[in-house]
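Could you build the full structure based on these sequences and the hints that come with them?
The opening residue of the first sequence carries number 1 in the working numbering; numbering runs sequentially from there.
Incorrect hints may appear among the rest.
Stated by the list, open to error - 27 Å max Cα-Cα, derived BS3-like pairs, lysine-lysine:
no.	residue 1	residue 2
1	K194	K221
2	K221	K296
3	K2	K221
4	K296	K342
5	K221	K160
Since the hints were derived computationally from the structure, they do not count as laboratory data.
Note that this is a predicted model, so its numbers are computed, not measured.
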Amino acid sequence: MKPFANALLAWFDEHGRHDLPWQHPRDAYRVWLSETMLQQTQVATVVGYFERFVEALPTLRELAAAPEDQVLALWSGLGYYRRARFLHRAAQLCVERHDGQLPRDFDALVALPGIGRSTGGAILAQAHGLRFPILDGNVKRVLTRYHGIHGHPGESAVEKSLWQRADTHTPTMRVADYTQAIMDLGATVCTRTKPRCGTCPLADSCIALRDGLVTLLPSPKPAKTTPTRETVMLVLRDARGRVLLERRGPQGVWPGLWSLPEAADVDAAWRSARQCARIDDAQALPPFTHVFSHYKLRIEPLLFDGATPTRSIADNAAPTPESRWCDTSELVALGLPAPVRKLLQNLEGHLA
DNA sequence: AAATCGGGGAT
DNA sequence: ATCCCAGATTT
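Below is the structure:
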């Protein structure tokens, strides 16, 4: 009937975790607290925090009545204190709205701060045996592999598909165990690296295993479209064909390399150019884009030909930035950024 | 250095 | 509804 759930439950009976502190007793408050802690921290670490927390604040009402400082102190070391504040606030709301209990109604539950679809489902399933799916990181990994789902789980279409699968697999019987089982499988067998497919109860029908995709799924987050910055590069060339270069500062890209002077836009380029040389006119050269790992740089070269170097520059007396007029023959010896070298080479070939 | 995690908040 | 960020840990 539900081969996925049955295989998982059989595995869980033998290999799952049955001794986690929030399983004994398994009430809504303890499940909620554990799920919230587990959103950010691994089981091994959470256990100690959980035990201290419930010893100090064993019930939702006591949590609601506790001073925030105490809640934060109990949370101290777990990080992400916003979640502790949500927890505290939600407890107070439960006292106000729900008679001091976490609601058994899904919509009322997810209306509380810090409880979303997955945590809400986990509470209802684990504490009350209600048939609600969960979709935490472990489950996402199991399902993307089992069904061979490509695409980053963060993409809405993929996530939608995952919720759909999660729902279909969730059984009506033993929902609490099932929920724990699929999380345990993800945590101990279907791990992100070095999954132990040899011991997996779902190996028979796992698409990723069948197709050799286990290491490829879940798909990594697509490289975010890199921002594009724009710059105008000034090619100041004097009558002898020398080009003005500047040494870049120690910060930013191309630290310490010799490069063309830059400006934010054409106007600024003109202002800057006139400080270095007497200029007649400018010619826009074809723009091109240089790709860095973290952004794209669209370069608009602006050629000032027949520039007459200003005396101070010609004498190398300019204070900052360090700059010099270079012969094309000197360029090879200088450490030029690749796109600048390319630009100057094209210039030579094109206009020489 | 980059990915991760589930939920909140902005748009 | 859809995108983007949080905030600390892990890889």
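Hints and how they fare:
no., hint, in the structure
1, K194 with K221, "holds (19 Å)"
2, K221 with K296, "holds (19 Å)"
3, K2 with K221, "violated (31 Å)"
4, K296 with K342, "holds (16 Å)"
5, K221 with K160, "holds (16 Å)"
The structure fails to meet hint 3 from the earlier list, while all remaining hints are met.
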